Amino acid sequence: MAITTTAEPTRRDFLYIATGSVAAVGAAACAWPLIDQMNPSSAVLALASIEVDLTPIQVGQSVTVKFRGHPLFVRRRTAKEIAAAAAVPLSDLPDQLARNENLPDDAPATAANRDIKPEWLIVSGVCTHLGCTPTAFEGDYGGWLCHCHGSMYDTAGRIRKGPAPQNLAIPAYSFLSDSRIKVG
Amino acid sequence: MSGPSTYVPQTGFTRWLDSRLPILRLAHDTVWTFPTPRNLNFWYAFGAILTFCLGVQIVTGIVLAMHYVPNANLAFDSVENIMRDVNYGWLLRYVHSNGASMFFLAVYVHMFRGLYYGSYKAPREVLWILGVIIYLLMVVTAFMGYVLPWGQMSFWAATVITNLFTSLDQVIPHLGSVIATWLWGDFAVGDATLNRFFSLHYLLPFVIAAVVGLHIWALHVPGNNNPLGIDVKGPQDSLPFHPYYTVKDAFYTGLFAILFAVLVFYAPEFVGNPDNNIPANPLVTPTDIVPEWYLLPFYAMLRSVPQKLIGVLVLVGSLVTLAFIPWLDWSPVRSNRFRPLMKQLFWVFVVDCVVLGYCGSQSVDAVRFGMPMVVVARVATAYYFAFFWLIMPILGLIETPKPLPDSIAKSVLGPSAAPAE
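Quick note, the sequences are listed as chains A and B, same order.
Numbering-wise, the first sequence is residues 8 to 191 according to our numbering.
Numbering-wise, the second sequence is residues 10 to 430 according to our numbering.
There may be inaccurate statements among the hints.
Not the full set, but computed from the structure, chain A residues with beta-carbon under 7 Å of chain B [to be verified]:
| id | residue |
| --- | --- |
| 1 | Met45 |
| 2 | Val51 |
| 3 | Leu52 |
| 4 | Ala53 |
| 5 | Arg75 |
| 6 | His136 |
Hints were generated in silico from the structure; no laboratory data involved.
Only a predicted model underlies this, so the values are computations on that prediction, with no experimental measurement involved.
We treat Cβ as the ideally placed atom computed from N, Cα and C, and that holds for glycine.
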């Protein structure tokens with residue numbers, strides 16, 4: 008029997024495409040649980056916020072606490088460190104955004120936008136380059152130096168030199184009293 | 010070269026089997042009579058040596074998995090238990106951990122040998138690309154294996170490498186972070202990460218074994234390249250694989266095993282990092298974080314770029330480049346024996362890779378021999394890419410190769426050898 012070609016799509020063409028589409032959707036539906044199982048589980052997502060007692064922290068000291076599996080820096084800055092951060096013109100900063108969850112996303116990275124009370128700097132201890140924990144009081148700017156790949160942060164936790172693209176992130180936090188904060 | 014089969018079943022059983030599953034025919038044709046160029050030298054033994062390495066890693070790995078516990082709270086202690094209490098656990102673990110180093114040592118020799126003798130050129134492009142795929146699988150497998158002991162270096166290696174994906178945030182906001190979280194199964198490297206790395210570390214060696222099967226298949230279609238880089242022109246140019254190359258490969262595998270044993274028994278921690286004897290601590294990064302020696306050149310390239318995304322692209326590019334070599338080098342002459350310019354620049358490239366490795370082993374701001382290492386790493390990175398993307402295509406146009414010998418047989422046996430055909 009000769010094969011006849013018709014200009015119009017036949018019923019068979021329609022069945023072909025419809026069957027293929029159903030199979031593709033089915034395959035994707037089967038694949039999704041296999042992919043999504045790798046995302047954080049409900050147990051991981053049920054994250055508590057933490058409270059930090061500020062009383063034992065002396066002026067000039069930086070303390071590391073664990074928050075959502077990551078280090079969090081709580082630093083009681085000296086007057087000199089606060090002044091050094093405030094003296095930096097915005098144009099000197101590689102990352103112009105405050106990266107502060109307590110402020111709108113487009114807030115500029117001024118020193119004032121990096122803290123709630125100038126004496127207390129609360130920043131994530133995760134280098135924005137590749138996730139190492141930077142070391143306090145090192146580097147050219149007196150803030151932090153990341154030993155992994157040489158990123159340097161200033162005393163407001165802002166990136167100043169090196170491969171890191173962003174300022175150290177500031178999580179949502181609030182002062183419960185003068186000597187206690189709640190993070191997250 | 011994979012011509013008609015010469016297998017003749019000798020017994021009633023083998024005749025019966027041959028007409029149902031010709032597995033003995035396959036073994037006979039690929040291992041026994043396979044015609045192999047008669048001039049293969051020492052450097053061609055590394056294919057067999059690598060097969061040996063893969064076997065050692067799979068066997069020791071399977072038994073280690075009988076004692077290892079992939080749990081963030083127990084992993085470190087279970088490795089200590091293997092080292093101290095499990096019968097011969099120290100031996101099995103040292104063979105496995107040093108086995109990774111020996112595996113990479115062998116694969117680098119194998120790759121440089123392929124580069125030197127032009128083994129990637131037509132008709133062996135697919136063979137080469139399969140090799141690149143095997144190498145990438147090896148890197149991924151070794152990285153995940155390094156994470157399993159859950160020491161400080163394990164933890165921070167996992168953190169830094171998975172964070173490479175966050176550079177995608179600079180292309181599409183949040184894309185990289187979403188991928189990193191998906192890889193971690195958490196908001197940081199943790200228990201979920203360790204579990205999945207263990208699962209994949211167990212799986213991937215078998216994937217490697219499968220691709221090795223394809224690699225050997227692709228080798229057996231055109232047959233081996235050889236140090237002269239000219240085709241086999243007739244039976245006088247080749248020898249049956251057995252006994253000539255089975256014995257030669259076995260001999261060099263034995264020498265390699267001696268070197269392996271020296272490392273395992275006399276310097277088992279030589280390639281290791283002492284920081285990995287400290288249990289993982291998510292709050293403190295070790296001051297000097299370096300990858301294993303076999304990844305140092307790539308680490309140096311990543312670090313030499315001060316911009317995150319570009320640094321990651323350079324790292325990925327340095328690996329992806331390898332797959333393009335068959336089309337970057339269009340000189341018709343395969344072997345560097347007959348390419349005077351390429352020969353010199355090849356050795357510069359080898360030195361360049363060693364220099365990159367050295368730079369990667371030093372701290373970020375190190376100054377050695379009066380030179381800041383980051384500047385040296387930049388120059389070396391530039392040469393790495395220039396070698397493939399500039400030198401290879403340009404030499405293909407301007408280099409005058411030396412005359413090629415008439416045949417392998419003449420070159421090996423002298424002019425008295427029978428002429429080709």
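Outcome of the hint check:
{"no.": "1", "hint": "Met45", "result": "holds (5 Å)"}
{"no.": "2", "hint": "Val51", "result": "holds (5 Å)"}
{"no.": "3", "hint": "Leu52", "result": "violated (9 Å)"}
{"no.": "4", "hint": "Ala53", "result": "violated (12 Å)"}
{"no.": "5", "hint": "Arg75", "result": "holds (5 Å)"}
{"no.": "6", "hint": "His136", "result": "holds (6 Å)"}
Going through the hint list in order, the structure does not satisfy hints 3 and 4.
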